[in-house]
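> Sequence:
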Amino acid sequence: MNKRILEEKIFKILMYVSILIVLGSLFIIISLVVANGATSLSIEMITQTPTGGYYLGKSGGILNAIIGSLFLALPATGLAFIISLGIAIYLQRDFTNPSISSFIRLSLDILWGIPSIIYGVFCLSIMMFLGLGASLLAGIIALTLLEIPIITRSMDESIKMVPNGLKETAYSLGSTKFETAYKVVRKQAMPGILAGVLLGLGRGIGDAASILFTAGFTDNIPTSVFDSTAALPTMIFHLFSSPIPGVRQKAYAAALILLVIVLCISIISRFLLRKSSKFILK
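Number 841 in our numbering belongs to position 78 of the sequence shown; there are no gaps in the numbering.
In case anyone wonders, no lab produced these hints; they're calculated from the structure.
The structure displayed is predicted, hence computed values, not measured ones.
Some hints here could point you the wrong way.
Derived DMTMM-like pairs: lysine to aspartate or glutamate, alpha-carbon spacing no greater than 25 angstroms straight-line [stated by the list, open to error]:
#1 K940 with E920
#2 K821 with E807
#3 K821 with D982
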């Protein structure tokens, strides 16, 4: 057999095996969570907070964790969006030189790769230095730091896809750099920008390590940014830690809720990313 044909067949086999591993893993994870979580999922679980014996298998729900996840992820994503948008625009060659942009992009890539628990430990160290305890505010700050590199790099790639001809046309008509960035680049890159925000939101709402030490845990719904709060990832951790089988089944139900939320966010972000690649001028 020809060596080139043999190499091609080996490559195809490896490619198909890799695809099978990825799709198989996804199928197994979803099947496991759905099969175990659907039986324990109920209206009571998503409309009530935990009762005194909830962690012993008695009645109650995880409403505190659902609301806590929203209270943590939404403000953090909003703050990260504001910061990331400014950085992404600054990274374009109209505002800075390529060497500075390359260094900032490298720094963002490094921050993106740092384990999320490092962000939690960093925020915990700051909290201990200031004499503060675990709170909703500390969790928001930790998630904001976690999401900034994700959202910024996604925005950066979307903005770079905007054709230079559009910007040059705007400049020729007398538009300033800021006007061009806001009125031309922003409009064309908006689907990709929104996709980046949703990617950050999905990462923030599903992360446990960064808020494990910073947000704390409580059965109550927080009424202040200085109150501790539960979240779906930390709730799943506590439920799975129980030796009672019925409680662990509730952990699967909580995981199913989180999985549905993250999958919906991922699907929407992928749709927006696909749309961002089609620059149709109106």
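> Could you run down the list of hints and mark each one as holding or not?
Hint check results:
1. Note on K940 and E920: the hinted pairing holds, with a Cα-Cα distance of about 19 angstroms set against a maximum of 25 angstroms.
2. Of the supplied pair hints, the one linking K821 and E807 holds, its CA atoms being roughly 12 angstroms apart against a limit of 25 angstroms.
3. Under the criterion of a C-alpha separation no larger than 25 angstroms, the hint pairing K821 with D982 is consistent with the structure, at around 14 angstroms.
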